[in-house]
Amino acid sequence: MSGNADIYHEMIVDYSRNPINYGQIENHDVTFHDSNPLCGDSIDIDIKIDENKITDIKFHGKGCAICMACSSVLTEITKGKSIDEARTIEKHDVLSELGLEHLQAVRIKCALLSLKVLKSALYTYIGKNLSDAEDVDKLKTEAENLY
Amino acid sequence: MQSTESLFENLRKDFPILKRTVRDNKRLVYLDNASTTQKPNQVIDAITDYYQNHNANIHRAVYALAEESTEAYEATRDKIADFINIKNRQEIIFVRGTTEAINLVAYSWGRPHIKEGDIIVTTEYEHHSNIVPWQLLVKEKGAKLEYIGMNDGGELILDDLDKHLATGKVKLVTFSLMSNVLGTITDAKKIIEKCKAAGVLTLIDGAQAVPHMKVDIEKLGCDFFAFSGHKMLGPTGIGVLWAKKSVLETMVPFHGGGDMIREVHKYEATWNDLPYKFEAGTPNIADVIGFGAAIDYLVKIGMDNVREHEIELTKYAMEKLSAVKGLRIYGTKDISKRGGVISFNFSDVHPHDVAQIVDGEGIAVRSGHHCAQVLMERLNVAATSRASFYIYNTKQDIDILVNALNIVAKVFKL
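As you go down the protein sequences, you meet chains A and B in turn. Counting from 1, one number per residue, gives the positions in the first sequence under this note's numbering. Counting from 1, one number per residue, gives the positions in the second sequence under this note's numbering.
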C-alpha cells in the first residue's frame, strides 16, 4: 500500500470502528459541543467531575476515522486526571499516541476537534465556578490562545 | 473533421496542469470539476497577453491601450450573449461569480420588492449561495423562505411548488438548473411555466449547468440567471448575472462608486445605463477577457459534444462504481436526468478518509457537505464523496478511481 493509506494503520481503523468512551453521561457536570464547518465533523463531550477530578468522560458525534480515533485516545488520556492536569494536555499528546505527528494541515482539525471540545468544556466548568472577574478574564485569554 | 473521441483525447494537451504528477509521480486524476475546472493554455495566454500588451482601465481614457482593453472586455459580453442566447447585451452584468450574482439580486431586487409576509421559494438541493442570501433578506423584511422538497430519487417534488404558489404570497422561486451534489438536472421548463401562470419571478442558478450543456436563456424564459466563469475553464473571480431589462430597471444599485453613475453632485447622484449601473468600480478586466477565451474554447468543441462526452463518462462511471461492493450512489440512476456529478458513500467509511486515501493515488475528489447542508440533512448523511467530470477526463481516470477505492476497502477491511 502506498501514499496516504499509511496513516490508516490498525489502531486508527480499530478505534474508528470501535471507539472507546463513546456515549453520553446522563448526570454529567459539564457538556460541550462543537463542529468543524469545513467537513461537518461534530463532537459532544460529557464530563463527570468529583472533587476536581475527572471521574468519567464520554464523547459522541459524527466524524471521520481520524476524528474518532483521536477522540477515543483523548478521552482515555483524560480520564482520572485532575482538572489542572487535563488543562495541560496538548495536541502533541494526542497525535503522538496515534503516530499522527505529521498529519497534513487539512486533516489536523479532524484530529484536534475533540481536544478543542474538551478544553472548552473544562473552561466552561471552571468559569461557572469562578466568582472573581479577574480570574474569568485570565481564563478567557488562556482559551483564546489555545489555537 | 476529427472524430469526437479523438477530439477529447487531443484536448488534454491544452491543459498544462494535466502534465504534472502528484503524490510520488502519479498521474493527476482531477475529478473535482463541480468545484472548479482546470484552465487551458488559451485562457492562460489571453490573461497574460492582456497584462503584457494591453493593460489599461476601461470605459474612460481615450488612448490606444484603453481602447483595446475596453474592446476586449466588451467582446466577452457579446460572446456570452451568443453562448447562452441573450438578445440584449445590456442585460449581462459582470460579477465575481454566482454567489455575488445571487446576493446582488437578493439586495438590489429584494430590497425594493420584498415586504413582510412575502414568500421566497428555494429547493432542498441548493448550494448555500442560493439559500443564505434569501435567509438574510427574509429576516430583514419579515418575509418567509419555503422549500421545494426532494424525493428519494433526487428529484424535486413539484407538488410542493403548487402548494406554495397557491398561497398567493410567493414573489420569487429560485433553483439550480443542476444540483452540485447529485447532478440532477432540474425540470426548469415546468417550474417556470407554473411560476409564469402565477405571475411569480424565477431565478436560475446555472453554475453547474452552463459549463456542461447547451443553455438557452430565451427558451428557458426565466427572469434572472447566474453562473460562474471558473467552472467552465475560465479564471476565478468572474461570473455573470443576467436579468430581463424590465426587471433590472426596477432594481436599486448594489455597489456605489465609479462607472455606475451618470452624474454625481454633493448630495445626490443619478445612475449610469445598464449594465454599468451594476458594475461599480474597476472591474476584473483581465479575467473577463480570460473568460471570453474560455467561451471561445467551449464553442469550438461544441456544447452538445461536451454533454455527450460527459454522458458517456457518467454512464461508464455509474456502471463501474455500482459494481464496487458497499458503495452507495445518491440521486437518480437515469443518465438523461443527471450531469457528470456522482456523490457516493462507501460502506461506513467517512468521505474524508475515502478522499485522503484516493488522494494518495493522485486522485482529486471532493469530500464533505459540498456547501449543501440542507441536502445533507435531507439525505440523512453528514457528508459524501463526490467525483465530477469535465471535457479532459477519460475512462482511464474512472478506472484509476475504482482501483483506489479497492485500497480503501483493504484499509478499512470492507
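FYI, nobody ran anything at the bench for these hints, they're computed from the structure. Take these hints with a grain of salt, some might be off.
[As the list claims (entries may be wrong)] Quick list of in silico lysine to aspartate or glutamate cross-link-like pairs, DMTMM-like style, CA-CA up to 25 angstroms:
{"#": "1", "chain 1": "B", "residue 1": "410", "chain 2": "A", "residue 2": "14"}
{"#": "2", "chain 1": "A", "residue 1": "109", "chain 2": "A", "residue 2": "134"}
{"#": "3", "chain 1": "B", "residue 1": "337", "chain 2": "B", "residue 2": "187"}
{"#": "4", "chain 1": "B", "residue 1": "413", "chain 2": "A", "residue 2": "56"}
{"#": "5", "chain 1": "B", "residue 1": "413", "chain 2": "A", "residue 2": "10"}
{"#": "6", "chain 1": "A", "residue 1": "62", "chain 2": "B", "residue 2": "146"}
{"#": "7", "chain 1": "B", "residue 1": "26", "chain 2": "A", "residue 2": "6"}
{"#": "8", "chain 1": "B", "residue 1": "325", "chain 2": "A", "residue 2": "10"}
{"#": "9", "chain 1": "A", "residue 1": "128", "chain 2": "A", "residue 2": "101"}
{"#": "10", "chain 1": "A", "residue 1": "91", "chain 2": "A", "residue 2": "132"}
{"#": "11", "chain 1": "A", "residue 1": "62", "chain 2": "B", "residue 2": "152"}
{"#": "12", "chain 1": "B", "residue 1": "410", "chain 2": "A", "residue 2": "84"}
{"#": "13", "chain 1": "A", "residue 1": "109", "chain 2": "B", "residue 2": "348"}
{"#": "14", "chain 1": "A", "residue 1": "62", "chain 2": "B", "residue 2": "377"}
{"#": "15", "chain 1": "A", "residue 1": "138", "chain 2": "A", "residue 2": "97"}
{"#": "16", "chain 1": "A", "residue 1": "62", "chain 2": "B", "residue 2": "348"}
{"#": "17", "chain 1": "A", "residue 1": "109", "chain 2": "B", "residue 2": "377"}
{"#": "18", "chain 1": "B", "residue 1": "410", "chain 2": "A", "residue 2": "101"}
{"#": "19", "chain 1": "B", "residue 1": "244", "chain 2": "B", "residue 2": "187"}
{"#": "20", "chain 1": "B", "residue 1": "410", "chain 2": "A", "residue 2": "10"}
{"#": "21", "chain 1": "B", "residue 1": "413", "chain 2": "A", "residue 2": "29"}
{"#": "22", "chain 1": "B", "residue 1": "171", "chain 2": "B", "residue 2": "218"}
Each hint, compared with the structure:
| no. | hint | verdict |
| --- | --- | --- |
| 1 | B:410 with A:14 | 13 angstroms, holds |
| 2 | A:109 with A:134 | 31 angstroms, violated |
| 3 | B:337 with B:187 | 9 angstroms, holds |
| 4 | B:413 with A:56 | 32 angstroms, violated |
| 5 | B:413 with A:10 | 10 angstroms, holds |
| 6 | A:62 with B:146 | 28 angstroms, violated |
| 7 | B:26 with A:6 | 16 angstroms, holds |
| 8 | B:325 with A:10 | 22 angstroms, holds |
| 9 | A:128 with A:101 | 34 angstroms, violated |
| 10 | A:91 with A:132 | 29 angstroms, violated |
| 11 | A:62 with B:152 | 23 angstroms, holds |
| 12 | B:410 with A:84 | 42 angstroms, violated |
| 13 | A:109 with B:348 | 21 angstroms, holds |
| 14 | A:62 with B:377 | 13 angstroms, holds |
| 15 | A:138 with A:97 | 30 angstroms, violated |
| 16 | A:62 with B:348 | 11 angstroms, holds |
| 17 | A:109 with B:377 | 22 angstroms, holds |
| 18 | B:410 with A:101 | 24 angstroms, holds |
| 19 | B:244 with B:187 | 21 angstroms, holds |
| 20 | B:410 with A:10 | 11 angstroms, holds |
| 21 | B:413 with A:29 | 38 angstroms, violated |
| 22 | B:171 with B:218 | 21 angstroms, holds |
Hint check: violations occur at hints 2, 4, 6, 9, 10, 12, 15, 21; the rest are consistent with the structure.
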